[in-house]
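Participant: Listed below, chain by chain, are the residues.
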Amino acid sequence: AQSVTQLGSHVSVSEGALVLLRCNYSSSVPPYLFWYVQYPNQGLQLLLKYTSAATLVKGINGFEAEFKKSETSFHLTKPSAHMSDAAEYFCAVSGGSGGYQKVTFGTGTKLQVIP
Amino acid sequence: NAGVTQTPKFQVLKTGQSMTLQCAQDMNHEYMSWYRQDPGMGLRLIHYSVGAGITDQGEVPNGYNVSRSTTEDFPLRLLSAAPSQTSVYFCASRETVNSPLHFGNGTRLTVT
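These protein sequence lines map, in sequence, to chains A and B. By the numbering used here, the letter at position 4 of the first sequence is numbered 4, and the numbering carries on one by one without gaps. By the numbering used here, the letter at position 14 of the second sequence is numbered 14, and the numbering carries on one by one without gaps.
FYI, nobody ran anything at the bench for these hints, they're computed from the structure. All C-beta atoms in this analysis are idealised placements derived from N, C-alpha and C, irrespective of residue type, glycine included. A hint or two may mislead.
Listed next, the in silico SDA-like pairs over lysine to any residue satisfying Cα-Cα at most 20 angstroms (straight line) [stated by the list, open to error]: (1) A/Lys-69 to A/Lys-110; (2) B/Lys-9 to B/Gln-85; (3) A/Lys-69 to B/Asn-98; (4) A/Lys-68 to A/Lys-110; (5) A/Lys-49 to B/Pro-39; (6) A/Lys-49 to B/Arg-108; (7) A/Lys-110 to B/Val-97.
With the Cβ distance kept under 7 angstroms, some of the chain A side facing chain B (calculated, not the full set) [said to hold, decoys possible]: (8) Gly-43; (9) Thr-55; (10) Tyr-100; (11) Gly-108; (12) Gln-112.
Cβ pair distances, simulated, as ranges [stated by the list, open to error]: (13) A/Ser-28 to B/Asp-56: 18 to 28 angstroms; (14) B/Asn-65 to A/Pro-79: 39 to 49 angstroms; (15) B/Gly-16 to A/Gly-62: 47 to 57 angstroms.
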């Protein structure tokens, strides 16, 4: 089955610093990859998605992610963190031996932004 | 256009009680799913459906039943609630296999 690994359950960055949230996936077929954000006591919102077009994907709020097939990675970055970026971020994959019918999520990374 | 609507928002059950979590979407999406969210474990797939009349098990299906009689509705039934089912439950839908999921606002369930 497909799987997603998010390294680091908690990440702290200073306001204005680079944000890097890591995501590695396993899939035997070309995957569809997604990043979602969850603010406290809210549902999940889509940040960006990769569906086999450009490998560098730009999303909302200045976030972007690069699909690297050789590294089976889809890391999320933002050049300059803002206080409002404090949230939990989830990487998700569709595809692989589990098929495209299921979407599998990573365990999430909580981002803390220090003023 | 309401998107994905979940009811109730909060529920407290006693061990052994049954209940149904409702989920409805008005986007004519074929794919619908139920997830539970627990601290440190991300979202885990309970059951999913690829169209009316078609359902399948996800990662953690035990203790839950689903049915999909219409495209719009995908209720989740807890047959005999257990404390281990205390969680936040999310319903989601998507249009195609490469579309993003649209989530409801969640149901916070506590089983005592």
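Participant: Among the hints numbered above, which are violated by the structure, and what are their numbers in rising order?
Facilitator: Violated: hints 1, 4, 5, 6, 7, 9 and 12.
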